[in-house]
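Engineer: Construct all of the structure, not just a fragment, from the sequences and the given hints.
One line per chain: the protein sequences are A and B, in this order.
Quick note on numbering: our numbering labels position 282 of the first sequence as 282, and the sequence is numbered without any gaps.
Quick note on numbering: our numbering labels position 227 of the second sequence as 227, and the sequence is numbered without any gaps.
No wet-lab data here; the hints were simulated from the structure.
Note that this is a predicted model, so its numbers are computed, not measured.
We put the beta carbon where it would ideally sit given N, CA and C, even for glycine.
It cannot be assumed that every hint is accurate.
[As the list claims (entries may be wrong)] Mimicking BS3-like on lysine-lysine, the simulated pairs with C-alpha atoms at most 25 Å apart in a straight line are:
1. A:Lys275 <-> A:Lys91
2. B:Lys230 <-> A:Lys324
3. A:Lys324 <-> B:Lys70
4. B:Lys203 <-> A:Lys324
5. B:Lys233 <-> B:Lys275
6. A:Lys275 <-> A:Lys371
7. B:Lys208 <-> B:Lys367
8. A:Lys173 <-> A:Lys355
9. A:Lys70 <-> B:Lys367
10. A:Lys371 <-> A:Lys173
11. B:Lys324 <-> A:Lys355
12. B:Lys324 <-> A:Lys367
13. B:Lys355 <-> B:Lys173
14. A:Lys173 <-> A:Lys115
15. B:Lys355 <-> B:Lys367
16. A:Lys367 <-> B:Lys367
[Said to hold, decoys possible] Listed below are several chain B residues computed to face chain A (Cβ distance under 10 Å; list not exhaustive):
17. Ala55
18. Thr57
19. Ala189
20. His257
21. Leu279
22. Val294
23. Glu338
Number of protein chains: 2
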Amino acid sequence: MKIRSEFTRRGSSPVHLSLRPWRVPGLACFAAAIALMASHAVAQTPAAAARELPAKTVPVPDTVSPQMQKQIAAPLTSTWNVIPTTAEGWKEQVNAGYQAAMKALPALRETLGVKVEPMTIDGVKAYRVTPAAIPRENRNRLLVHVHGGCFVSFPGESGTVEAVYMAGFGGFKVISVDYRMPPDHPYPAGLDDAMTVWKAATKMAPPKNMAIFGSSAGGNLTLAMVLRAKQEKLPLPAAIAPGTPMSDLTGAGDSFHTNAMLDNVLVAYGANCDKRAALYTNGRDLRDPMLSPVYGDMRGFPPAILTTGTRDLLLSNTVRVHRKLREAGVEAVLQVFEGQSHAQYYRDVGAPETKEAFTEIARFFDKHLGK
Amino acid sequence: MKIRSEFTRRGSSPVHLSLRPWRVPGLACFAAAIALMASHAVAQTPAAAARELPAKTVPVPDTVSPQMQKQIAAPLTSTWNVIPTTAEGWKEQVNAGYQAAMKALPALRETLGVKVEPMTIDGVKAYRVTPAAIPRENRNRLLVHVHGGCFVSFPGESGTVEAVYMAGFGGFKVISVDYRMPPDHPYPAGLDDAMTVWKAATKMAPPKNMAIFGSSAGGNLTLAMVLRAKQEKLPLPAAIAPGTPMSDLTGAGDSFHTNAMLDNVLVAYGANCDKRAALYTNGRDLRDPMLSPVYGDMRGFPPAILTTGTRDLLLSNTVRVHRKLREAGVEAVLQVFEGQSHAQYYRDVGAPETKEAFTEIARFFDKHLGK
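Structural biologist: See the structure below:
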């Protein structure tokens with residue numbers, strides 16, 4: 001297998017590294033990630049200023065619930081650095097993820113008492129996600145969800161997982177957008193679809209009663225949707241909840257280095273997730289705020305709640321958006337969960353931290369949404 | 001030199017490790033910290049669940065200001081694992097820190113236009129810290145500051161640094177408590193002094209117009225003061241700002257492991273700072289909420305703003321307090337600065353991140369304090 005890694009940094013040309021074949025996943029991958037990171041480092045700062053960290057063993061913390069300990073103790077995602085070389089190969093990998101998510105969904109819906117129905121909105125596929133009980137104050141409220149999956153994974157109903165959590169824990173009606181994705185549909189197809197749904201949704205409920213949310217690529221899209229709504233002078237939502245957003249696809253952000261190999265979900269920058277993102281960005285300028293929203297103008301953004309974990313590879317990309325929003329005078333709150341890697345706050349419906357994260361988001365929406 | 005490390009974990013007996021002499025500071029120290037962490041780990045979880053991290057080089061991020069890059073690029077604190085063995089040795093080390101802080105203070109006061117005068121309040125030494133210009137809305141407001149220094153460092157005027165930042169950037173009058181410290185005065189002397197000042201201060205201004213703040217050990221003391229004020233049924237402040245609080249002296253907290261050797265201020269758990277804290281706790285039960293406030297009952301706490309950085313060894317101890325406050329129904333906000341190690345938000349008056357951190361705290365106080 002040949003692994004090709006691209007780093008595109010601000011204004012610099014992409015660096016192409018051709019690495020020799022090795023076992024995947026396995027310890028050899030560590031060396032790969034480190035080599036990638038080191039080359040990244042050298043281009044950036046004098047080696048003297050970099051921090052040399054020795055190898056270390058990091059235990060599972062006892063400061064989280066047993067359920068969360070189990071997630072933290074899990075091995076690295078098996079495909080974190082398995083990079084398909086053809087569109088067909090990507091589709092096979094995506095399908096495996098789809099099947100796994102679909103298998104888990106019925107029990108999740110059952111536990112949370114949530115119903116999911118397919119729908120089409122102005123030609124875009126979506127899902128109507130409805131909790132069994134809708135509190136009075138949420139009857140005229142509507143949330144729009146954009147799912148994660150590094151812009152390529154979780155098509156169809158498999159993308160509704162986070163929407164089911166939000167509907168179930170928060171008692172909100174949700175429309176989850178099944179936006180078009182690479183390899184067949186690079187940017188701007190996905191964002192276009194999300195905007196089509198947003199425009200239509202603002203006719204189903206008053207925008208002041210609405211929020212947009214989503215994690216990872218969904219966090220990127222949440223932010224990009226607001227940037228685009230501003231640009232197109234469309235109504236803005238009353239609040240947003242970008243979870244651990246892929247807000248900077250250029251590779252900038254300290255936690256890409258500090259949490260590399262510690263985050264057991266994304267594992268390292270330049271690996272599988274970023275290769276999927278590259279299918280979305282498709283050679284465009286990664287500093288474009290529609291691709292890396294941290295570089296966007298956040299003045300006039302609605303109140304935002306951001307969620308991440310201390311081991312999250314995107315910890316920096318989350319806190320940087322938080323600071324950027326605050327600098328722009330936007331009400332923005334940050335929640336950082338102990339020990340969690342990327343988006344581990346919606347993996348186990350029984351973990352108290354899961355309920356905590358969604359309850360906080362629901363409270364934030366309740367505070368900012370009209371009724 | 002002989003270094004003796006003690007870990008006292010929840011309910012378990014202290015583990016004593018005798019390590020062989022080595023160069024301090026130097027690469028050999030890495031092995032030491034790792035050995036300490038590994039032994040800690042083994043007691044806690046099966047080795048299989050722990051994460052094995054390879055050695056790596058972490059560059060200075062380009063996502064922070066040049067001033068902050070300089071701080072991040074700085075070598076590890078020279079004394080991070082230099083542990084005096086006598087009270088006299090500690091006093092010498094403390095005096096070196098005192099001299100360095102005193103040397104820097106006049107320029108800092110000058111830059112921020114802040115005046116510092118010694119005072120005594122009911123027998124406790126303190127400093128009155130006054131900005132040249134006090135905005136109208138702050139005239140009847142008063143802040144109480146408890147300084148950091150791992151419960152042992154920054155006696156006298158050298159403890160006023162953070163108070164000068166807060167007075168200067170926020171335009172607040174501040175009383176900075178020069179509480180008694182080990183080796184001569186272990187717990188509860190320092191907290192007693194802080195409470196004496198708090199009681200007296202609530203007669204100088206209405207408590208609803210007051211806040212308590214402080215970082216590191218000062219963050220611990222800020223939280224402990226509220227716990228004790230609750231216990232003694234004293235008035236509570238209208239807001240608090242515990243910065244990167246030493247909220248858990250037992251060694252629990254994921255970032256003690258994940259950010260070990262990355263944080264260039266504290267560097268590792270069980271090193272110099274924790275040895276100073278041990279002089280304060282002096283053999284007491286470290287789970288006592290007056291020593292490790294994360295274990296305290298936070299119901300009824302005033303609104304709180306917490307500050308930390310992504311590389312902070314106390315990142316976990318900060319976010320855990322944030323979660324705990326939220327669980328207790330307290331309004332609590334968290335700000336996490338990109339790339340910063342422990343309390344690096346008040347080291348360089350010229351860094352934009354410094355102004356940003358204190359401006360956020362000042363805004364939070366302005367929102368919650370009466371006039």
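Engineer: Which hints, by number, does the structure contradict?
Structural biologist: 2, 4, 5, 6, 9, 19, 21
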